[in-house]
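Residue numbers (this note's numbering), protein chains in the order written: chain Z, 1 to 416; chain P, 1 to 117.
It should be emphasised that the hints constitute simulated quantities derived from the structure, not laboratory data. Remember, predicted model here, so these are calculated numbers, not experimental data. Everything hinted at is true.
Only pairs whose alpha carbons sit at most 25 angstroms apart, straight line, appear in this in silico SDA-like list of lysine to any residue:
| hint | chain 1 | residue 1 | chain 2 | residue 2 |
| --- | --- | --- | --- | --- |
| 1 | P | Lys-60 | Z | Ser-290 |
| 2 | P | Lys-33 | Z | Ser-271 |
| 3 | P | Lys-37 | Z | Ser-402 |
| 4 | P | Lys-75 | Z | Leu-22 |
| 5 | P | Lys-78 | Z | Leu-24 |
| 6 | Z | Lys-386 | Z | Ser-396 |
| 7 | P | Lys-60 | Z | Asn-365 |
| 8 | Z | Lys-32 | P | Glu-72 |
Now for the letters of each chain:
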Amino acid sequence: MNIIQLLVILIVVLMNTNALALDLDEKLFLIKKVYDLKSKKCDSNSVASEEEIEAGKLLFNSTALSGDRDIACANCHLDDFGSADGIPMAVGVGGKGKGYDRLENMEGVLVQRNALSLIGRSNVAFTSYFWDGKVQIVGDKIISQFGDSVEGKFDSPLALAAILPLVERDEFLGKSSIIRSNDIQNNVENKVYFQRYMAVSDALRYRFKTQANKDDEKIAIALLDAKVDLGKLELAPIGNLLAAFIDNQFPCKERTWDKYLAGHKQALTESQKKGAILFYGKARCASCHSGEFFSDFKFYSIGVPQGLFGPHSRHRDLGRAGVTNKVEHMYQFRTPPLNNVSSTAPYGHNGMFKDLRSIVVHHFNPIRYYIQNPQKDNDEFFSVGKILDSREDVLSTIDLNSEQELKQLLEFMNAI
Amino acid sequence: MKKIGFVIVVMFAAGWLVKEILLPVSVALIYSKEYMKLTYECDTAMEASWYYRQNESIPKESEIVQLLNCHEYDKIRKILLTSGLPESYLSWLGLKSLELYQRSPEEFVKQHRFVER
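Here chain Z stands alone, though its shape is the one from the complex (with noise of 0.2 angstroms):
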């Protein structure tokens, strides 16, 4: 044996040695016992009948919940863009088209608000909806605008969810106007809470009850199908109707993350392993996108940048305080459910960032955004202080330390 052979044996021998140390897999099961990880089940607790799920569905692509019977659930929650519509800011009444030609054709109503996936909504870990989340469940009680006059009424909090795009002015009630308004917007004046609820429920079922057109009387035919009174209908059996439908249409999907839980350890490259790791040690991603859906829903401020638009005063989007009234929430929003999250672009509450990785990016670096972005108005010049000092503290441990790192990352949240 020559120095050559015996130098080879060497090095191979001590290459080996370092196969004593954990490989990704098994950090990765580690990691699947600290955190409890478990494959997600998506099988539906439905027990919706056929005939209510037709119902929905019809309901889900008719105009004629809306006030001036131009825009359906549908308009805004697409198979195209991961049953999001693919666009910074959903646009509501009088708007035309999918996608960006729905802003290009600029005849609708800006609803300024990301429009939010629909993906595994029915599935009973999602306890709060919308950014701000103005509807939760917290027990067996169902949280919203329209307080306790609604109990007992609907099945879910996401069928409560669902009908609430019917009473918002700017998404289903029709255009402002002073001298032309439509039969909704007539009974809904300036009524809040549950007597809004009241008046757009007359105003339907005024509507299903004379049929004006043909859409309302297949959707009249539809309800009675699945054993809805017309004589006595509400906004709550077209939620309870709605809620089947998307139960139905958009079950939460198992992913690749998935199947590499359940067993299968080829699903994962290694950089997306790599990137799991990151995801639930040292980029805390975890501390909050935690749970089978990759959220706690609970609110918190990344500091997205406010812009332009905003549905409160002063084109402000206050956030979860919109909702509370508490100074604390100010700028919060819901954790989003990063299931499929690659194919729901754009991203925040807002749309401000066009991909995952520059919102990635804004929760560990957020002056980057405002350097290449420069404040377009004095009002978003002059509160960016308050956005970033809203910013939760554990976003300051976040310890991705090189670009590979964050490829990683992004590369898993592929597979999520």
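Add chain P to chain Z, keeping to what the hints say.
Positioned in the frame of chain Z, the structure of chain P alone reads:
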């Protein structure tokens, strides 16, 4: 007899060469870079564990996962030490990776020098 003695001496010399020079040098070549990387990672993990626990701003789970880097660090440190590399070499690698070594003003001045006009 003389031949056996010669073989023993050669083997002893070869063994010494392997143990004292070849083994440490090979190990240093293979693992130094990785050791420096893990020193950095483990330092970050321990610091996170120490500081962030004080205000409980990070959940315990992510801290445990991050500390796995220290397990890797310990493994490689043992390989380096058992191969005969001196503790002082490991300390030097550690300091270099954490940028705690003494630095010359030249390094600082270099950043401000025109390199082309």
